[in-house]
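Trainee: Chains V and R, in that order, give the protein sequences.
Just so you know, we're using my numbering here: the first sequence kicks off at 1 and counts up by one.
Just so you know, we're using my numbering here: the second sequence kicks off at 1001 and counts up by one.
Since the hints were made in silico from the structure, they are not lab data.
Model, not experiment: these values are computed from the prediction.
A hint or two may mislead.
Unchecked claim - Quick look at which bits of chain R chain V covers, simulated, 3 or more residues with Cβ under 8 Å: (1) 1080-1088; (2) 1104-1110; (3) 1319-1332; (4) 1400-1406.
As the list claims (entries may be wrong) - Below, computed lysine to aspartate or glutamate pairings styled on DMTMM-like, alpha-carbon distance capped at 25 Å: (5) 1276(R) / 1289(R); (6) 63(V) / 1266(R); (7) 59(V) / 1136(R); (8) 59(V) / 1266(R).
Every residue gets a Cβ at the ideal spot worked out from N, C-alpha and C, and that includes glycine.
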Amino acid sequence: MNTIAQATPPNIGAESDSKPVMRSVPIVLEPTTSLIPVNLGDLWAYRELLYFLIWRDLKVRYKQTMLGAAWVVMQPLAMALVFTVFLGHFARVPSAGIPYLLLVFSGLVPWMFFSSAVVSSGNSVVGSAHLITKVYFPRLIVPLGAIAGRLVDFAISFLVLAGLMYYYGVSLSWKLLALPVFVLLLTGLAFGVGTLAAAWNVKYRDVSILLPVIIQLWMFSSPVVYPVDVVPARWRQLYILNPLTGLIDGFRSVLLNRKVDLAAVLISSLITIVLFVFALFVFRRMEKDFADVV
Amino acid sequence: MAKPIIRVESLGKKFRLGAKAHSNLRLAEAFAARLRAPLKMKQREADSEAQTVWALRDVSFEVEPGEVVGVIGPNGAGKSTLLKILSRITEPTSGRAELYGRVGSLLEVGTGFHPELTGRENIFLNGAVLGMRRSEIERKFEQIVSFAEIDRFLDTPVKRYSSGMYMRLGFAVAAHLDPEILVVDEVLAVGDAQFQAKCISKMGDVARGGRTVLFVSHNLNSILSLCRRSILISGGKVVYDGSSDGAVQRYVTAGTLQHKGERIWEDPESAPGNEKIRLRAVRIVSGNEITQDVDIKNDIRVEIEFWNFRPGTRITASIHLLDKLKTGVLASANLQSANLIEDKWFDKAYPVGLFRTVCTLPGNFLNEGRYHINVILLTNVTNMEVFADNVTSFNVYESGAMRADYGGYWLGVVRPRLAWQTEQLDGNAVELQEQTA
């Protein structure tokens, strides 16, 4: 009957090759009031987005640079050389019997990972405002992706560290088996601090200004460019309250086959776990306002 | 009745006015406020209550699977807020919504595109952002590329793309999204006219494919051609929920429906115009009465009355006729060369006084539906003194004159009677049929 009609509405409900299926359990959208646990299923469903965001960051970071991924190695290596010359040779900072270059580099590799992961995840949510205001995905993916990208850098610089250990003839031991634990704890701590910073940064941009300062101070309050022995014994108890003390010293100790300070590692692990859980809850509580505030 | 795939129950969203100012709050101030909190709690609550606005309030509706629903309304009505809640970008302040399917939202073309990455890389990135699986993107890759018409530039960074190419690529990825519920905001107006037509037709395919679509647009033509049902939102509330025709009609005539075919300005001080000329009245006369409902077969007289305050002025009256979507149908002016008859006042010097100029639109000329009128008064043919935008409107209805033989939808803004004639060219149709077979 519609012979003249050209622009009539489409015949809704017409047959198609792929029939959409309805869910029996709905996605319910309503105001949340209480504490929200992490939705692991949702995170899993969006794992490919996580993968693509990591891939994008890595690709973009070194796309128009001449040396590309070599920078990952150059940066800590250059820093290690400067510290070796000025602290190791001129200031003669004690290095607990380890070649100073090896001491510094084995501290800088975990430290650079930690600091860059914290800074990049701390700025990640604000930096992804264009995504957050336009499309849904579990917001946790953003800081997770930022940290995971730095893990790749970490893996590359770790290879250089391994080469250095070979050069200095470091003997390997069974303690190396504990290495993944330290990497995991470092990642967890970076996630805790970075995710907290990311959530607060959405509301208070002061965080992004404050973060580099804190990182700078944190580096010198951690055994990165000096061994723990440098710290006087009476300050030691306060010193190990810095969770990085146990983690970086532990990381170095298992690599270079030295005695691990178990008490410090335990305290670090405890603080890391508490911070990790706390950050998750803060992030989940604040994330519903991200799209409105950012 | 089928089970709804979207159920929205008294949904509301409150925004804090000056949310920007709030977000720029210094950390120190926040701490200070926390310290003072026990004392100031009540006052702060009161302040914040006064500075909030409900972008959406008490919105309820249901959508059945496979429905394509348009959402229209003026700027700031809350359309985008509604879409943002349904696509889970932001959380409602009150009420709830249930979605019985995966939601794909398309609030922007090219979300997540990175300028440094190539077209190929961005297809994967954008697809993942929109919620597509990698295998799904790989499967649809060829289709996406050919739809976007960017084959040659697939390995060029998108920062070197023209804005048209960028938009096309963005739409192409989004158009191949395949969720049960698709939420679309104003993204169809991309690219040149040809690509726009392609986008509209693709949207039509999506709709026909049985997807449920919620479609926000200011382009009423595409709303009318894609959606049977539309929801009109105004001031954060659902004002109308029904046929798209009805919703569009309500929306477009929201400002002009209060009068009955006649607008009169009694006070020459405040009437539209200036110290030279002012408008006194505009009325629609048809079938010998002032009316806004016009029989399709009758002439329509547009009467324009105006005061002239300066002796010796040459005045030209002019009208614009617009259809219900505010698309121009015609413009006409009281000029000798554009006049079907003769006006003895043409090119004369008007003395001070009140005048009436009448323009007659023929019957059996306009299609059914609502038409709007702008009135323009000019001096010396080219100087515009009065521009009265959308002063009145009228509705053309079919009384049966042209509907004796056909009752369905009739395309077009005009419906003139034209001359049709048929003659037979060959009597031997049987032989023709055999030849072609």
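Trainee: Compare the distance between the alpha carbons of residue 1276(R) and residue 1289(R) with 25 Å, and conclude whether the hinted pair is satisfied.
Mentor: violated, 31 Å
Trainee: Count the residues of the stretch 1319-1332 of chain R whose CB lies closer than 8 Å to any CB of chain V, then report whether that count reaches three.
Mentor: Three-residue rule not met by the stretch 1319-1332 of chain R, so violated; n is 0.
Trainee: Holds or violated: residue 59(V) with residue 1266(R), Cα cutoff 25 Å?
Mentor: Answer violated: residue 59(V) to residue 1266(R) is near 71 Å, above 25 Å.
Trainee: Report holds or violated for chain V covering the stretch 1104-1110 of chain R, Cβ cut-off 8 Å, minimum 3 residues.
Mentor: holds (count 3)
Trainee: For the stretch 1400-1406 of chain R, does the count of residues with a C-beta closer than 8 Å to a C-beta of chain V reach 3?
Mentor: violated (count 1)
Trainee: Examine the stretch 1080-1088 of chain R for residues whose CB is less than 8 Å from any CB of chain V, and state whether their number is three or more.
Mentor: holds (count 5)
Trainee: Tell me if the straight-line CA distance from residue 59(V) to residue 1136(R) falls inside 25 Å.
Mentor: Measuring from Cα to Cα gives roughly 22 Å; hence the hint holds.
Trainee: Tell me if the straight-line CA distance from residue 63(V) to residue 1266(R) falls inside 25 Å.
Mentor: violated, 71 Å
The structure is inconsistent with the numbered hints 3, 4, 5, 6 and 8, although it conforms to all the rest.
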